[in-house]
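Student: Residue-level listing of the chains:
Number of protein chains: 2
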Amino acid sequence: MARVNANYRKLRAGYLFPEIRRRTTAFLADHPGARVMRLGIGDTTEPLTPTVVAGLRRAVDALADPATYTGYGAEQGEVPLREALAARYAGHGASIELDEIFISDGAKPDSANIQSIFDAASVVAVQDPAYPVYVDSAVIGGRTGAGTDAGYEGMVYMPCTEENGFFPALPEGKVDLIYLCSPNNPTGAVATKEQLATFVEYARKTGAVIIFDAAYAAYISDPDLPRTIFEVDGAKECALEINSFSKEAGFTGVRLGWTVVPKALTCEDAEPGELNRLWFRRQTTMFNEASNIVQQGGLAALSEQGRKECRGLVAYYMANAKTIKDGLDAIGIKTFGGVNAPYIWMKTPNDMSSWDFFDKLLNETHVVGTPGSGFGPNGEGYFRLSAFGHADDIRVAVDSIQQNLNL
Amino acid sequence: MARVNANYRKLRAGYLFPEIRRRTTAFLADHPGARVMRLGIGDTTEPLTPTVVAGLRRAVDALADPATYTGYGAEQGEVPLREALAARYAGHGASIELDEIFISDGAKPDSANIQSIFDAASVVAVQDPAYPVYVDSAVIGGRTGAGTDAGYEGMVYMPCTEENGFFPALPEGKVDLIYLCSPNNPTGAVATKEQLATFVEYARKTGAVIIFDAAYAAYISDPDLPRTIFEVDGAKECALEINSFSKEAGFTGVRLGWTVVPKALTCEDAEPGELNRLWFRRQTTMFNEASNIVQQGGLAALSEQGRKECRGLVAYYMANAKTIKDGLDAIGIKTFGGVNAPYIWMKTPNDMSSWDFFDKLLNETHVVGTPGSGFGPNGEGYFRLSAFGHADDIRVAVDSIQQNLNL
Chain S
1 MARVNANYRK
11 LRAGYLFPEI
21 RRRTTAFLAD
31 HPGARVMRLG
41 IGDTTEPLTP
51 TVVAGLRRAV
61 DALADPATYT
71 GYGAEQGEVP
81 LREALAARYA
91 GHGASIELDE
101 IFISDGAKPD
111 SANIQSIFDA
121 ASVVAVQDPA
131 YPVYVDSAVI
141 GGRTGAGTDA
151 GYEGMVYMPC
161 TEENGFFPAL
171 PEGKVDLIYL
181 CSPNNPTGAV
191 ATKEQLATFV
201 EYARKTGAVI
211 IFDAAYAAYI
221 SDPDLPRTIF
231 EVDGAKECAL
241 EINSFSKEAG
251 FTGVRLGWTV
261 VPKALTCEDA
271 EPGELNRLWF
281 RRQTTMFNEA
291 SNIVQQGGLA
301 ALSEQGRKEC
311 RGLVAYYMAN
321 AKTIKDGLDA
331 IGIKTFGGVN
341 APYIWMKTPN
351 DMSSWDFFDK
361 LLNETHVVGT
371 PGSGFGPNGE
381 GYFRLSAFGH
391 ADDIRVAVDS
401 IQQNLNL
Chain D
1 MARVNANYRK
11 LRAGYLFPEI
21 RRRTTAFLAD
31 HPGARVMRLG
41 IGDTTEPLTP
51 TVVAGLRRAV
61 DALADPATYT
71 GYGAEQGEVP
81 LREALAARYA
91 GHGASIELDE
101 IFISDGAKPD
111 SANIQSIFDA
121 ASVVAVQDPA
131 YPVYVDSAVI
141 GGRTGAGTDA
151 GYEGMVYMPC
161 TEENGFFPAL
171 PEGKVDLIYL
181 CSPNNPTGAV
191 ATKEQLATFV
201 EYARKTGAVI
211 IFDAAYAAYI
221 SDPDLPRTIF
231 EVDGAKECAL
241 EINSFSKEAG
251 FTGVRLGWTV
261 VPKALTCEDA
271 EPGELNRLWF
281 RRQTTMFNEA
291 SNIVQQGGLA
301 ALSEQGRKEC
311 RGLVAYYMAN
321 AKTIKDGLDA
331 IGIKTFGGVN
341 APYIWMKTPN
351 DMSSWDFFDK
361 LLNETHVVGT
371 PGSGFGPNGE
381 GYFRLSAFGH
391 ADDIRVAVDS
401 IQQNLNL
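Protein chains in written order, with this note's numbering: chain S, 1 to 407; chain D, 1 to 407.
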């Protein structure tokens, strides 16, 4: 008789964003005609740029023509796309070879599925708060015990607090896999090269592997902040990196990302090259390349003109971030992030719980945000606002918060 | 210290198709200028149809326009696409609800990842020969022991032989998950409704779950053969079904598929609805929807005109199948399949091993096929030829086999 993977039953609640959607839908049912402003999920709103659109159209046209139609593509993704990404890494001083880059349908699946190549007994460390996918995929994979109010047993939480500038101290005790995300979702904090170097040194010393999520790297404007962990000496021996076109090029629904697994990466029982080969085996067995149409859109986004246009998209959302941050600061709400990252992390007023503030904000101002506690125990008492939205809507949302939030 | 998932080390060889690619590349290096005809991997060669192309273009245009741009889509896939699929099931006499359909980026990932919702100790049964993804994903997930020449320990192989018409007898002993594929890859055999009913009855009696791969259903022309397992009474209580646009609409590189997990589906420790919810949780946590562009292409393929055009594609490849089958029959090679399925399964001449015949066929005729042994122990001594290819190329390949194969 078949039985279920009982690890799913350890999961404490529905995935965060469906729960937000549920509460928002319920609010709208009770308030027909209300205009709800969504600063919750980090969902892009601005159209694809002309160069990307042209690339996508060319790809569709090629598939319509017997002379240029193609079926299954290259296993790790189209070579020109990987070449363009390698060139970008080179621009950041990191030498990445083509067979170290794996094109995928996004950072979310990669950040979950990457655990497949590591032992089921791996101890996983996450920043707390963190993107829920890291934690939930560890739970599903049996890498934690039961869930409690303090988090999942067996999982190592690295507190990110106002005191440490939302970058964690090194973990205490044995850990095997360390998720780091910078610019951080949800706190908007960006790690310095020195901060990343402490983790690289730790991982090399202890044999841990860093899973570095750089999905928001394009939002960094400060030239001194690292865009990739591979800017840090020695990172290729202890880290892999995940990235995405979602937020940089507006591909949230279009779907494209990539993961770099350096051949130099090792762990306790893997020689250089093996982890790279295992991810190749995972992806060729359980995945089948990103859409060929979408890959051409990504390639266009990496062209000179494409990059210029994407910088325009990023600047647009970052202007929103400033609107939000300045607007909240003006009414005495304490905010973090929002400078080199599209997320504003705010302290809830009067020490309200995150979900209580969610309901209050929705009811009083019709603004939807994301409860900090949904990102982990240390997110309690915080709240995330996303800069992804039409500038006019963001302005209306901030005005509504300023006028209607009963502080 | 991090350690690898040692299950990967049990895998006996590289995934089948990379190995074929390797040998083909080596042959070409030794024979510069040789024209190699690829009847190996089942890769579509004919352009997308006009209706599909128009749907894709509309989707790209919508994303270029601020008024119609969208980011993240509906969690189980766009509603109109699921409605169109539900209508198709209704046409086969199966009532499937929208929240039982999960749109994905293809049947391959779904057929591997679906194991995630079942216990890690599940005993997996596969037809032998079978699509390697079922087996390899079970190995990676720790659901087998070591690999031997007779297959992986702990895995149940259900022999599909000439004697049983390439449809297996019921498994002996306890099994939890049963993969069935019809029309079958690689044998081209198509299960009758009565044959499927024996497995449905068995699964309901023993509490096993059937994972039914219907990726080639569009290739059935015989009106008496079932297009979906849900044509069988009681199947919704014991089976889920995976399908794809790859072969029906030429989406091998475009990427689109779907899985139906009925709410009625149960297993030993799951009430109705739970397996559906677990797959929802798996997909919302570890996947992020198929590309919105591609989903519009799929929707167009399911329109009346789109379906008509796709039937034309299928007819094109099935004419190829007839060319191959007739051509091999004419020189005394024993063939199976190729009538309601795009694969021809042939007995190797003189009891050659499958890989020896691969090398012989490549060297003597410059035709690439797929060794049957790559699909499992009972595939040894057989060979698969794929009907996917330009008709002219297929004709040249068959002529070359007829003229140059030294029998």
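Simulated from the structure, these hints should not be mistaken for lab results. Be aware that one or more of the hints could be misleading.
Stated by the list, open to error - Under the rule of at most 25 Å between Cα atoms (straight-line distance), these lysine-lysine pairs were calculated in the DSS-like manner:
#: 1; chain 1: S; residue 1: K263; chain 2: S; residue 2: K322
#: 2; chain 1: S; residue 1: K10; chain 2: D; residue 2: K334
#: 3; chain 1: S; residue 1: K334; chain 2: S; residue 2: K308
#: 4; chain 1: D; residue 1: K10; chain 2: S; residue 2: K263
Unchecked claim - Rough simulated footprint, nothing fancy, chain D against chain S, three-plus residues with beta-carbon under 8 Å:
#: 5; region: 206-220
#: 6; region: 251-262
#: 7; region: 267-281
What the hints assert, rightly or not - Over 10 Å on every C-beta distance to chain D, these chain S residues come out as not near it, computed from the model:
#: 8; residue: A29
#: 9; residue: V36
#: 10; residue: R57
#: 11; residue: P80
#: 12; residue: D326
We treat Cβ as the ideally placed atom computed from N, Cα and C, and that holds for glycine.
Student: The structure should be examined with respect to each hint, and the outcome stated for every one.
Tutor: These are the hints, each one checked on the structure:
no., hint, result
1, K263(S) - K322(S), "violated, 40 Å"
2, K10(S) - K334(D), "violated, 54 Å"
3, K334(S) - K308(S), "violated, 33 Å"
4, K10(D) - K263(S), "holds, 21 Å"
5, 206-220, "holds (count 4)"
6, 251-262, "holds (count 4)"
7, 267-281, "holds (count 8)"
8, A29, "holds, 18 Å"
9, V36, "holds, 16 Å"
10, R57, "violated, 6 Å"
11, P80, "holds, 15 Å"
12, D326, "holds, 25 Å"
When each numbered hint is compared with the structure, violations occur for hints 1, 2, 3, 10.
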